[in-house]
Amino acid sequence: MEEEKKKSRVLIIGATGRLGNYLTRFSIESGHPTFALIRNTTLSDKLKSLSDAGVTLLKGSLEDEGSLAEAVSKVDVVISAIPSKHVLDQKLLVRVIKQAGSIKRFIPAEYGANPDKTQVSDLDHGFYSKKSEIRHMIESEGIPYTYICCGLFMRVLLPSLVQPGLQSPPTDKVTVFGDGNVKAVFVNDVDVAAFTIKTIDDPRTLNKTLYLSPPGNICSMNDLVELWEGKIEKKLEKTFATENQLLKKIKETPYPDNMEMVFIYSVFIKGDHTYFDIESCGGVNGTELYPDVKYMTVSEFLDTLL
Numbered sequence: 037m038e039e040e041k042k043k044s045r046v047l048i049i050g051a052t053g054r055l056g057n058y059l060t061r062f063s064i065e066s067g068h069p070t071f072a073l074i075r076n077t078t079l080s081d082k083l084k085s086l087s088d089a090g091v092t093l094l095k096g097s098l099e100d101e102g103s104l105a106e107a108v109s110k111v112d113v114v115i116s117a118i119p120s121k122h123v124l125d126q127k128l129l130v131r132v133i134k135q136a137g138s139i140k141r142f143i144p145a146e147y148g149a150n151p152d153k154t155q156v157s158d159l160d161h162g163f164y165s166k167k168s169e170i171r172h173m174i175e176s177e178g179i180p181y182t183y184i185c186c187g188l189f190m191r192v193l194l195p196s197l198v199q200p201g202l203q204s205p206p207t208d209k210v211t212v213f214g215d216g217n218v219k220a221v222f223v224n225d226v227d228v229a230a231f232t233i234k235t236i237d238d239p240r241t242l243n244k245t246l247y248l249s250p251p252g253n254i255c256s257m258n259d260l261v262e263l264w265e266g267k268i269e270k271k272l273e274k275t276f277a278t279e280n281q282l283l284k285k286i287k288e289t290p291y292p293d294n295m296e297m298v299f300i301y302s303v304f305i306k307g308d309h310t311y312f313d314i315e316s317c318g319g320v321n322g323t324e325l326y327p328d329v330k331y332m333t334v335s336e337f338l339d340t341l342l
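All residue numbers for the sequence shown refer to the working numbering, where the first residue is 37 and numbers rise by one.
No lab work stands behind these hints, which were simulated from the structure alone. Since this is a predicted model, take the numbers as computed values, not measurements. Note that beta-carbon positions come from the ideal geometry of N, C-alpha and C, so glycine has one too. Any given hint could be a false lead.
To be verified - Distance ranges between label pairs, derived from CB positions: (1) E273 - V192: 41 to 47 angstroms; (2) H172 - K267: 30 to 36 angstroms; (3) E269 - S138: 33 to 39 angstroms; (4) N217 - R75: 43 to 49 angstroms; (5) R75 - S316: 39 to 45 angstroms; (6) K274 - G67: 46 to 52 angstroms; (7) S335 - D313: 23 to 29 angstroms; (8) L283 - V192: 19 to 25 angstroms; (9) P292 - S316: 29 to 35 angstroms; (10) K209 - G90: 26 to 32 angstroms; (11) E336 - K284: 22 to 28 angstroms; (12) D259 - H122: 51 to 57 angstroms.
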């Protein structure tokens, strides 16, 4: 019998964050020797949780080249799950990975819309262009990669039913942006982590963008309103806001308070999740590649808001 292929050793950066924690969990459960780069300031209870799960803790940071080089030397795959506002902090990491020359795959911190496909560069204060900058650096250095494009995390806009400023879904009136028919993609954090770990040793995802477009999670605003109305057994009074009205509101609202509306404009007006075909732009569909991954649907998420 052919010997089972050895599982890649995985380094996760940002392991104490929400997504990073899920990534470490699935990495361990999938049998990967798993390491986490940990700052000296990390709370002890978080360290204990990771250690108890079987994660090897390595002291260091994205600003410390020595600790990065040592951590990278111990693994085959590097996964970054740092917050989007710190995405450019990955530059030194990219250089260290290039110098090491032994990393079989790097998965940078993206986990959203494809930054090279968005159409809001004049509004997003560099949110997507910074991610594109890291992409281009990875590719120019010839580093093997997989990019994860998962649409929107469910926790970002769904709790308010895409109503800026609200913390819970409306029960009387709702604002629909545009004509309400443009589709967006929603995926729960834990499911993004499950799909991401699946790619680690899969040659089909090497130097590819993995798109997550789960059936049941590709919804327009009209779809969301209809789903919610069915759950509360009540019709909502709809008001339609035009593209120009939303743009005016974005420009009148200071940064970063306007970013929620920028995301709404990106996905529900410009269609930045769905205006292009996955295969024609060299991507692969994660839901099709990994049908065994069980994921939360939008309808199930809305049930948690009742």
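Hints, one by one, checked against the model:
no.	hint	verdict
1	E273 - V192: 41 to 47 angstroms	25 angstroms, violated
2	H172 - K267: 30 to 36 angstroms	43 angstroms, violated
3	E269 - S138: 33 to 39 angstroms	58 angstroms, violated
4	N217 - R75: 43 to 49 angstroms	45 angstroms, holds
5	R75 - S316: 39 to 45 angstroms	42 angstroms, holds
6	K274 - G67: 46 to 52 angstroms	50 angstroms, holds
7	S335 - D313: 23 to 29 angstroms	26 angstroms, holds
8	L283 - V192: 19 to 25 angstroms	20 angstroms, holds
9	P292 - S316: 29 to 35 angstroms	34 angstroms, holds
10	K209 - G90: 26 to 32 angstroms	49 angstroms, violated
11	E336 - K284: 22 to 28 angstroms	35 angstroms, violated
12	D259 - H122: 51 to 57 angstroms	33 angstroms, violated
In summary, the structure is inconsistent with hints 1, 2, 3, 10, 11 and 12 from the numbered list given earlier, while agreeing with the others.
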